[in-house]
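Each chain, letter by letter, is given below.
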Amino acid sequence: MTIPWRTVVRRLLSMMGTLLGVAIFVFIMLRAIPGNQITAGLGTEAAALTPEQRADLEAYYGIDKPLIVQFFSWLGNIATGNLGFSSRSQVSVASLTVDALPVTIELAVLSIILALLIGIPLGMLSASKPDSARDAVGQIFGLAGLSIPSFLLASALLTVLSAKFGFNPNGEAYASLAEDPVRNLRQMLLPSLTLGFGIAAPIMRTTRTALLEVRSQDFVRTARAKGVGNRRLQVRHILGNALVPIVTITGLQFGYLLGGAVVVEQIFSLPGIGRQVLIGIQGKEYAVVQSTVLVIALLFVVVNLLTDLLYRVIDPRVRAS
Amino acid sequence: MARRTRLSRDSVPLISLGLAFAMAASACSSGTGGAASSNASKAGGSLVVGITSDPDNLFPWKATQFQAVNVLQTLYGTLTEFDKDLNVVPGLAESWTYSADNLTLTMKLRAGVKFADGSACDSQDVKFSLDKIKDKATAAVAAASVASVTSVEAPDANTVVLKLTAPDAALLGNLASINMAILPTDSTEAALKTTPAGTGPFILKDRKPSQSITVARNPAYWGDKTPLETVEFRIIPDETSIVSAMQSNNVQLAVLNDPLVAKTAQGGSLTVTKTPQLSYHVLQLNARRPALTDVNVRLAMQCAVDRQQVLDTAALGEGEVIGPITSPAYRSDPSARPCASRDLAKAAEYLAKAGKSDGVSVKTIVSQGEYATSVAEAQNLKAQLAEAKITLDLDVLASNAYVDRWVAGDFDAAVALNGGRPDPDGMYGRYFTSTGNLNKVAGYSSPDLDALFAQGRESTDPTARKATYAKVSQHLEANAAWIWMFSGFTYTVAAPKVTGYLPMANGSVQYLRSTSLP
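Residue numbers (our numbering), protein chains in the order written: chain A, 1 to 321; chain B, 1 to 518.
Treat the hints as calculated values from the structure; they're not laboratory data. Wrong hints could be hidden among the right ones.
Listed below are the simulated BS3-like cross-link pairs for lysine-lysine, each with C-alpha atoms no more than 25 Å apart in a straight line [said to hold, decoys possible]: (1) A:LYS164 with B:LYS356; (2) B:LYS225 with B:LYS84; (3) B:LYS193 with B:LYS163; (4) B:LYS208 with B:LYS263; (5) B:LYS205 with B:LYS225; (6) B:LYS440 with B:LYS471; (7) A:LYS164 with B:LYS497; (8) B:LYS225 with B:LYS136; (9) A:LYS65 with B:LYS136.
All chains should be modelled from the sequences, with the hints used to inform the complete structure.
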């Protein structure tokens, strides 16, 4: 396959614009939220500060400068690879992100794998005989996946498994994949099941719809008339042609997971990137939130770009166009 | 043949589904189980304590967050301490004497105390620490607690002399706060944030941001040998998840606030201990705002509120109705207040006296998320007061927005959960004296109260102080400065083998130093 360089360059330029937009949006939104690092840190004790003490603290946190100066100062630092410093954790944002990002990426990948392993087979099962009992089972699963909130499923799993079976690997100290692969996978099990269950539902529904649509097309009938075997027909001809919408929904869900797994990370105590943003927002650590959101946005657009490139692999019509 | 074909076609999704569940099952069985792999139940005692948030500041003079204060209590020492009953007892100072006029406090320091960096802790360090805390440039949160101290002298290595502007009976209690920790003379805020150097029973061993803080036994600690080798404060953001971690024996101790969550910990092998708290739930009234300037309006509000109903509705009855002072030694009698039980006729009478028989509106701020019961309290108060023609206009705010408005005193009323202190002067002096640094937020002061607080500070006779603070309490309620409602419990949940831990009413976890886990 040849790489469409013009498309890639065009998309990269568009990515830069998107990232700048995200940077401006997050910067403004953070300042629009009442409070600052002083009140977030001192709480109601901030009422006891004298004006001089407050001014000193504003200078310390760099929030005494005009907003435009703050923005370009941060942007300038980003350009030189300095994502900022977390005064709460006393380490750089880059260091925090290097620790947190692999956790979330691993969680997202495992969740997507589980979602695909559940969603595609269920979609195929449903589509194999529409309006039958098996279709109803698939549809009920889909409805449940879409309607059960992840926080509820997460809390229920955690409570029942720990209270009844004493099973709660997430109560142990977190271990990365490199430190202790077995403990790490055990700690990823419940969070990825929770997220995978929710994501499997739209994948299952998309698979079912796409399969039914492709199956009714002329080339399927022609292939069948030409004597193509059923297994080959189902997998190569029908599923193969139905992959584009499935890949699209999977790519979108993956991107969503990079920043949207915060509730699950919180409940299962996973030190991921979503939790990093949440803690940053609670502590009003501007540099932490701004830089981390920018990293998430960058990953999101990269995943989207890769998804678009994947279309060219799975669908010859895209290559031709 | 048709049947076989159908089976074959269906086998693709079925096999995939099977794979998914097989993966889940293998992951379940691949580990050794939560209890077996727990790292805590080793001989010698390594305890895991569940906390909901990463400490936000490890510099003791500026830490206000509950979790930060708890961790710092294991690392740093103070001149005085509180015992389990909140009596002031010796800390780094092993004894003290007041001069006859109570204007000089001489403290004898323990000999041989060392900081975590190995340097000796002597009177120069105490002088350095107290001078720095008083210095406005430091912005120490406890600066007001030593406002009466004019100078600190260090005549020899084991003696410090504090000269006072006026007698200050609250000073010894104030010195017990971790915000008054004694630091080495050559230390800086920046260095201590990453490398604490205290005289506490533990020293910092490891910190993983957003995951855990581990402290190890300080072999040079001046007190009794600490039984535990290490204490890991594991950050588990959700209290329900902490209970789950305790049920699987991954965490052995936690202090919970939510009564509903605490109930889920009961019934198994875990023990749950309720401890009444000094902190109190209150409807703060801002008497400087037009709506509440007239004392009769405030009294009408006071008479229209059934505090027990607020407690039952918002906090499942988990707590007790209180007056202003919650400290056991000076506790206010809630039955002595005007309208000790709800009296709508009296409320109407007060409103009529204020010339507001048609009713009054009070803009009230409420924090959402700061603590579990805030919104429920506000809604119950609103319903009760509506029956007395008093409308609470609730402004439910996110935590940061609430703090901003509270700090600026920008409210008629505020539903609040305020921290308490063992000494009433430390608890309310800064709120209700006209020069107190939180008086803007309190919204009320009077010359009588100023005089009473001064009298309480000057007196060293416990009986006389009790009588003085009873008058303070009476004055606050007779003028309905605020509407004090109830104080809740904390719930200390412990694994069966944890012994020696004593929960305290001020929320302190200082008795981790006497805790053991065989």
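With a cut-off of 25 Å on the C-alpha distance, tell me whether B:LYS440 and B:LYS471 pass. Holds. B:LYS440 to B:LYS471 sits at ~22 Å (cutoff 25 Å).
Is the hinted pair B:LYS193 and B:LYS163 satisfied, with a Cα-Cα distance of at most 25 Å? Distance of about 31 Å is beyond 25 Å: violated.
Would you mind confirming whether the straight-line C-alpha gap from B:LYS225 to B:LYS84 stays at or under 25 Å? holds (18 Å)
Between the alpha carbons of B:LYS205 and B:LYS225, is the straight-line distance 25 Å or under? holds (18 Å)
Between B:LYS225 and B:LYS136, is the straight-line Cα distance small enough, at 25 Å or below? violated (37 Å)
CA of A:LYS164 to CA of B:LYS497, is that 25 Å or under? holds (20 Å)
With a cut-off of 25 Å on the C-alpha distance, tell me whether A:LYS65 and B:LYS136 pass. Cα-Cα ~23 Å, so holds.
Are the Cα atoms of B:LYS208 and B:LYS263 separated by 25 Å or less? Violated: B:LYS208 and B:LYS263 sit about 31 Å apart, past 25 Å.
Assess, step by step, whether the Cα of A:LYS164 is no farther than 25 Å from the Cα of B:LYS356, and give holds or violated. violated (59 Å)
In the structure shown, a violation is registered for the earlier hints numbered 1, 3, 4, 8, in ascending order.
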